[in-house]
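K.L.:
Sequence:
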Amino acid sequence: MLKKFDKKDEESGGGSNPFQHLEKSAVLQEARVFNETPINPRKCAHILTKILYLINQGEHLGTTEATEAFFAMTKLFQSNDPTLRRMCYLTIKEMSCIAEDVIIVTSSLTKDMTGKEDSYRGPAVRALCQITDSTMLQAIERYMKQAIVDKVPSVSSSALVSSLHLLKCSFDVVKRWVNEAQEAASSDNIMVQYHALGLLYHVRKNDRLAVSKMISKFTRHGLKSPFAYCMMIRVASRQLEEEDGSRDSPLFDFIESCLRNKHEMVVYEAASAIVNLPGCSAKELAPAVSVLQLFCSSPKAALRYAAVRTLNKVAMKHPSAVTACNLDLENLVTDSNRSIATLAITTLLKTGSEGSIDRLMKQISSFMSEISDEFKVVVVQAISALCQKYPRKHAVLMSFLFSMLREEGGFEYKRAIVDCIISIIEENSESKETGLSHLCEFIEDCEFTVLATRILHLLGQEGPKTNNPSKYIRFIYNRVVLEHEEVRAGAVSALAKFGAQNEEMLPSILVLLKRRTLCSGHRCVMDDDNEVRDRATFYLSVLEQKQKALNAGYILNGLTVSIPGLERALQQYTLEPSEKPFDLKSVPLATTPMAEQRTESTPITAAKQPEKVAATRQEIFQEQLAAVPEFQGLGPLFKSSPEPVALTESETEYVIRCTKHTFPEHMVFQFDCTNTLNDQTLENVTVQMEPTEAYEVLCYVPARSLPYNQPGTCYTLVALPKEDPTAVGCTFSCMMKFTVKDCDPTTGETDDEGYEDEYVLEDLEVTIADHIQKVMKLNFEAAWDEVGDEFEKEETFTLSTIKTLEEAVGNIVKFLGMHPCERSDRVPDNKNTHTLLLAGVFRGGHDILVRSRLLLLDTVTMQVTARSSEELPVDIVLASVG
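Residue 1 is where the sequence shown starts when you use my numbering, and the numbers rise one by one after that.
Treat the hints as calculated values from the structure; they're not laboratory data.
Some hints here could point you the wrong way.
Listed below are the simulated SDA-like cross-link pairs for lysine to any residue, each with C-alpha atoms no more than 25 Å apart in a straight line [as the list claims (entries may be wrong)]:
id: 1; residue 1: 548; residue 2: 461
id: 2; residue 1: 111; residue 2: 62
id: 3; residue 1: 793; residue 2: 677
id: 4; residue 1: 50; residue 2: 23
id: 5; residue 1: 548; residue 2: 794
id: 6; residue 1: 317; residue 2: 282
id: 7; residue 1: 75; residue 2: 61
id: 8; residue 1: 814; residue 2: 645
id: 9; residue 1: 50; residue 2: 77
id: 10; residue 1: 300; residue 2: 279
id: 11; residue 1: 116; residue 2: 140
id: 12; residue 1: 224; residue 2: 140
id: 13; residue 1: 24; residue 2: 68
With the hints as constraints, model all of the structure from the sequences given.
P.N.:
This is how it looks when you write it as structure tokens:
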């Protein structure tokens with residue numbers, strides 16, 4: 001079948017794909033040869049090869065043409081040529097889901113399956129099972145049972161693998177073949193035993209006890225197949241994870257015993273299983289690590305690679321467990337296989353001491369140019385972890401990263417380095433100016449638009465806060481002069497941020513935005529590109545006002561609304577003209593904290609290609625709630641709780657989950673209910689709520705019917721407190737009320753009028769976090785000044801039960817439901833004071849900012865200062881904290 005090429009053919013390009021320019025119509029025309037007599041086996045097999053090639057390349061065959069070709073191909077069974085017969089089996093399998101009436105070849109396949117030619121029997125079994133549906137399976141059941149226990153290994157394996165595929169559509173029939181599968185599992189052939197155990201496991205995998213017994217039985221008597229051992233190890237580890245079992249379990253003992261198996265494959269599988277088990281201590285990992293350490297000195301490159309790759313994973317969570325292997329890993333640094341050397345280096349970076357970093361950096365430098373970008377990214381990720389572990393080494397690591405940045409490399413590699421440098425800048429304030437300088441040099445010849453715009457955004461955000469901000473202006477303005485429109489737009493935004501934060505530089509920034517560029521002779525405000533021109537004009541207009549509030553709102557922090565949501569709201573406003581001005585507070589807020597940053601760093605060419613934006617989760621909820629008549633007039637949906645709250649256990653007869661929806665003056669509680677009893681149907685289902693505070697229940701919207709295992713939804717509408725609007729915290733006692741009707745489990749038909757019943761649910765809590773939406777303020781000080789101190793209030797509290805600053809910060813962020821700004825949720829080591837900066841929007845669209853100063857002595861003392869554009873949000877925050 002294969003054409004032989006000599007060296008001359010190879011040099012002249014004769015080894016190219018002979019099927020490269022096939023046309024479907026021509027191949028199907030050739031298939032008419034199948035009808036000729038006598039049959040030409042060589043020619044017919046070649047045509048079948050072409051058909052298979054077309055199908056596997058994704059060529060679409062219509063049902064009619066596939067059926068015609070299939071029926072013509074069935075005539076080839078008249079030939080006894082072995083190669084042609086095997087090609088027929090392959091074609092039957094590939095075309096079984098395309099052609100019609102493929103079942104016509106059942107008799108031919110059954111004949112081959114039970115014939116004397118062993119080379120036909122296995123492939124015939126596979127093809128027959130591919131075309132057999134659940135209704136026809138019983139007709140060949142007897143043959144399948146015989147094939148499973150056949151003495152010829154290829155036939156037995158084919159029957160077992162085919163049975164595994166048939167489980168999906170005919171589980172009950174295949175389940176009857178368990179006795180034959182157990183007999184095959186004792187076979188001396190390694191593949192037959194492996195396939196038999198695979199079938200037995202998949203038949204029993206939903207029965208934990210049966211799986212445990214199977215593992216116990218086969219491991220007690222030993223297995224002949226290393227593949228079967230590997231599968232049993234995986235099954236045992238899955239059982240351990242599901243049962244959250246102790247390391248004293250027989251399953252763990254079995255996995256550990258496999259570390260002493262004579263087959264290297266089994267030993268590695270056992271070691272890999274142990275290191276991947278959740279919750280393993282360094283002591284429990286020790287036997288697996290010892291085995292992997294031995295593999296590190298193996299003469300086989302595959303074993304060395306597997307060992308060092310697995311140790312690399314262990315080092316992420318348990319670096320101390322891998323420290324004993326450091327000498328072996330250092331020997332691998334000079335391995336001829338660069339993939340192994342790279343993994344060895346990155347593992348050493350995770351386990352080495354602070355003193356060994358300089359030496360490791362020199363070793364890495366010697367071969368970085370020889371490895372692929374994929375492994376360079378692994379090295380960068382290891383360096384990133386090292387920066388967090390040893391912050392004092394940031395200068396050495398930053399210098400190495402910058403040297404890597406200057407070398408050739410693809411986008412993913414360069415992005416990994418930029419990400420790492422940015423994370424170092426954010427984690428270590430001392431490295432900020434060095435890192436920004438390196439990034440400035442990088443964008444001088446950066447070929448990746450996304451990276452250039454991201455760095456420009458970072459320069460605009462961090463540059464004005466440095467000791468000498470003016471030194472970055474040249475690099476930014478060069479982008480306006482030399483780059484294309486996406487980067488020019490990012491550079492204009494960065495320049496505006498410098499002008500908005502530094503009064504001394506403002507005149508120079510205004511000149512630069514108006515100045516004629518050297519390359520094209522026109523100004524930023526007259527740029528050829530709409531986006532660049534609009535940004536420059538807008539920023540000029542704002543900066544010339546010289547008002548901090550305008551700078552903060554329109555340059556430094558920008559919009560906090562969802563951009564797709566704003567687009568939809570504006571479109572709806574234009575479709576329904578109104579004398580009432582468009583209210584920005586009616587637009588959903590951005591649900592992702594970094595929306596502003598992503599908006600600026602996204603190439604603007606994407607905005608020029610209109611695409612349908614997928615609706616957010618909140619927009620879907622808003623549409624669903626707007627369709628309920630009882631909820632008309634509630635106003636825009638302000639917030640939906642990020643995760644539903646479970647009001648029952650997952651194993652109970654009724655499963656209830658609640659999603660809280662907050663409106664300007666109301667709350668809607670959405671209860672998603674599931675009835676898990678197959679002999680009952682529930683009707684008129686409501687959840688009755690009793691509040692502890694001044695909330696008022698207005699109405700219930702029932703779920704009309706709740707059949708078995710079909711989710712239904714009911715709602716409860718409550719009004720927010722009016723007499724004491726600061727009392728937003730409340731606990732609701734909940735009870736589900738419904739009408740029960742007994743029904744036939746098979747048909748679902750009810751047979752009585754039913755009776756009233758009720759079911760007590762867990763209490764539901766509403767906190768201040770349900771009334772505040774997180775928003776990100778890139779420049780907190782500017783936002784603080786923008787809001788102003790008209791409604792500023794301050795109080796001091798003692799957190800008597802909290803003993804650390806980290807715990808205090810975590811609890812405050814979670815309780816208030818606000819977003820920590822400028823990484824203020826990260827508490828430096830060995831500090832007893834800290835300032836937490838939080839930003840959010842209170843229902844109704846009012847910005848709320850909190851500055852919390854924390855002092856740790858014996859307990860944590862907290863001074864809270866809150867600002868908002870209205871007095872109510874400030875009062876609510878302080879009342880809730882108190």
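K.L.:
Taking 25 Å as the top limit, are the C-alpha atoms of residue 75 and residue 61 close enough?
P.N.:
Holds: residue 75 and residue 61 sit about 20 Å apart, inside 25 Å.
K.L.:
Within 25 Å, alpha carbon to alpha carbon, are residue 317 and residue 282?
P.N.:
10 Å, holds
K.L.:
For residue 111 and residue 62, compute the direct alpha-carbon distance and say whether it is at most 25 Å.
P.N.:
This hinted pair is violated, its Cα atoms lying about 30 Å apart.
K.L.:
Keeping to a limit of 25 Å between CA atoms, is the pair of residue 814 and residue 645 held or broken?
P.N.:
16 Å, holds
K.L.:
Decide if the proposed pair is consistent with the structure: residue 50 and residue 23, CA atoms, cutoff 25 Å inclusive.
P.N.:
10 Å, holds
K.L.:
Mind checking the alpha carbons of residue 24 and residue 68 for me, to see if they're no more than 25 Å apart?
P.N.:
14 Å, holds
K.L.:
Hey, residue 50 versus residue 77, does the alpha-carbon distance stay inside 25 Å?
P.N.:
Holds - the C-alpha atoms of residue 77 and residue 50 are around 19 Å apart, at most 25 Å.
K.L.:
Can you confirm whether the C-alpha distance between residue 116 and residue 140 stays at or below 25 Å?
P.N.:
18 Å, holds
K.L.:
Take the C-alpha atoms of residue 548 and residue 461, compute the straight-line distance between them, and say whether it is at most 25 Å.
P.N.:
Holds - the C-alpha atoms of residue 461 and residue 548 are around 16 Å apart, at most 25 Å.
K.L.:
Given the proposed pairing of residue 793 with residue 677, does the C-alpha separation stay at or below 25 Å?
P.N.:
Given that 25 Å is the threshold and the Cα spacing comes to 54 Å, the pair is violated.
K.L.:
Quickly compare the C-alpha distance for residue 224 and residue 140 to 25 Å and report which way the hint goes.
P.N.:
Violated, because 30 Å separates the two Cα atoms, which is more than 25 Å.
K.L.:
Between the alpha carbons of residue 548 and residue 794, is the straight-line distance 25 Å or under?
P.N.:
Holds. Residue 548 to residue 794 sits at ~23 Å (cutoff 25 Å).
The structure is inconsistent with the numbered hints 2, 3, 10 and 12, although it conforms to all the rest.
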